[in-house]
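Enquirer: Those protein sequence lines, which keep their order, are chains R and S. Going by this note's numbering, the first residue of the first sequence is number 254, and it counts up by one from there. Going by this note's numbering, the first residue of the second sequence is number 244, and it counts up by one from there.
If a hint is listed, it holds; no wrong ones were tucked in.
Mimicking DSSO-like on lysine-lysine, the simulated pairs with C-alpha atoms at most 27 Å apart in a straight line are:
#	chain 1	residue 1	chain 2	residue 2
1	R	Lys319	R	Lys258
2	S	Lys321	R	Lys289
3	R	Lys343	S	Lys321
Derived by calculation from the structure, the hints in this document are not laboratory data. As the structure is a prediction and not an experimental result, all values here were calculated from the model.
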Amino acid sequence: MEQEKILEIAVKAGTILLRFGAETYRVEDTINRICKSYGLACEAFALPTGVFVSVEGQEGVSTICKRIPARTVDLEKIARLNDLSRRIEKNKPEYHTIMAELEAISHCPTYPRLALILSYAFTAFVYALLFGGNLRDAGSTLVVGVLLSFVRIIFSKEITFPFIEYFIGGFISGLISSLAASLIPQTNAYVVIIGALTNMVPGVALTNGIRDLLHGDSVSGLTKLGEALMVVAVIAAGTGIGLALWFSGGR
Amino acid sequence: MIIDFIKYFILAFIGSVAPAIVINIERRVLIWAGLGGALGFCIALSFNPASLSFSIPQIFCGTVVVGIYSEIMAKVHKTPSTVFLIPGIFPLVPGIAAYQTMQSLVENNTQQAAAYALNTIFKAFTIAFGIMIVTALFRFFRKALKHRFSQ
Numbered sequence: 254m255e256q257e258k259i260l261e262i263a264v265k266a267g268t269i270l271l272r273f274g275a276e277t278y279r280v281e282d283t284i285n286r287i288c289k290s291y292g293l294a295c296e297a298f299a300l301p302t303g304v305f306v307s308v309e310g311q312e313g314v315s316t317i318c319k320r321i322p323a324r325t326v327d328l329e330k331i332a333r334l335n336d337l338s339r340r341i342e343k344n345k346p347e348y349h350t351i352m353a354e355l356e357a358i359s360h361c362p363t364y365p366r367l368a369l370i371l372s373y374a375f376t377a378f379v380y381a382l383l384f385g386g387n388l389r390d391a392g393s394t395l396v397v398g399v400l401l402s403f404v405r406i407i408f409s410k411e412i413t414f415p416f417i418e419y420f421i422g423g424f425i426s427g428l429i430s431s432l433a434a435s436l437i438p439q440t441n442a443y444v445v446i447i448g449a450l451t452n453m454v455p456g457v458a459l460t461n462g463i464r465d466l467l468h469g470d471s472v473s474g475l476t477k478l479g480e481a482l483m484v485v486a487v488i489a490a491g492t493g494i495g496l497a498l499w500f501s502g503g504r
Numbered sequence: 244m245i246i247d248f249i250k251y252f253i254l255a256f257i258g259s260v261a262p263a264i265v266i267n268i269e270r271r272v273l274i275w276a277g278l279g280g281a282l283g284f285c286i287a288l289s290f291n292p293a294s295l296s297f298s299i300p301q302i303f304c305g306t307v308v309v310g311i312y313s314e315i316m317a318k319v320h321k322t323p324s325t326v327f328l329i330p331g332i333f334p335l336v337p338g339i340a341a342y343q344t345m346q347s348l349v350e351n352n353t354q355q356a357a358a359y360a361l362n363t364i365f366k367a368f369t370i371a372f373g374i375m376i377v378t379a380l381f382r383f384f385r386k387a388l389k390h391r392f393s394q
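Given the sequences, and given the hints that come with them, work out the whole structure.
Expert: Encoded structure:
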């Protein structure tokens with residue numbers, strides 16, 4: 254296979270991994286593994302916002318740089334790509350079969366929308382109980398969780414401004430939880446807020462940032478930490494404004 | 244007390260399965276990922292069943308258990324260990340502590356914010372460190388085994 258095509262496959266695989274939230278070392282490993290299995294010397298450098306790959310073979314040096322516009326987490330795509338890269342290493346399939354498979358992986362199905370809504374609601378419900386709420390708190394949190402899932406579904410379609418989703422999510426949680434606390438007796442607005450926001454806060458992203466740092470990928474680690482910090486700041490601004498609106502004029 | 248444990252086991256199970264659906268885990272491993280999260284949470288809880296806010300050592304033990312579970316399950320189901328790790332650590336990660344830090348800052352309560360910030364950073368670091376230790380150990384033993392068999 255020609256050098257350009259191998260590079261194209263490697264970069265496409267790396268882009269999919271980065272787009273769907275793989276760790277930085279896994280992205281670089283996968284790119285290296287694909288290039289090595291076709292006998293090319295390769296250097297890969299992955300950041301959360303882009304990837305550079307440079308290979309060296311008989312046709313000289315070629316480099317590709319790809320930007321990653323938006324990122325989510327999708328474990329099935331990561332698992333399937335990991336599987337594919339192992340098969341490439343073993344069988345060295347043809348260009349067209351690999352490209353078709355990469356295309357299939359990047360469009361592999363997600364759970365139905367109802368499952369997404371239910372899981373947002375249940376996450377909110379469960380964590381409201383785990384944060385020491387009673388069943389009334391958890392019931393109101395369920396409603397806020399459903400609303401947050403709507404926010405997520407609406408904003409996953411068009412990428413306007415990545416943090417607006419978190420701001421609106423925080424705002425809705427702040428407003429609805431104070432509404433619930435004033436309508437339903439024995440409801441703690443604070444528990445409702447933190448239960449519902451468990452869906453949005455970047456706990457795993459924070460941990461993954463530190464994992465990258467511990468792995469020696471300093472730039473991606475710090476980037477992920479910075480992004481997580483921005484997300485919580487935006488969420489806190491949203492809830493703060495929601496609560497302030499409620500206390501100043503809502504009652 | 245046993246009843247309490249069963250209750251928290253079920254809650255933590257749902258609390259890792261539901262986020263796992265949001266990040267599109269494969270259907271065949273969904274239940275197993277949830278079990279890992281419930282296991283880690285209950286191990287952390289078992290050191291001090293009275294309180295649901297975990298200390299750093301509790302979180303460390305929970306993470307190590309989740310890490311070992313994920314590595315074993317990754318071998319069994321032939322999938323990367325991340326698939327089990329991320330849902331597994333979900334009940335332990337300090338997402339809400341991070342939010343509380345910012346919340347305290349918004350309320351202009353700097354002292355509380357500093358306490359929450361330290362809590363968040365230590366917990367996140369503990370989880371990352373626990374995962375790293377388990378991964379390193381498993382890699383070491385895998386290499387040692389390979390070396391022995393190849394001789």
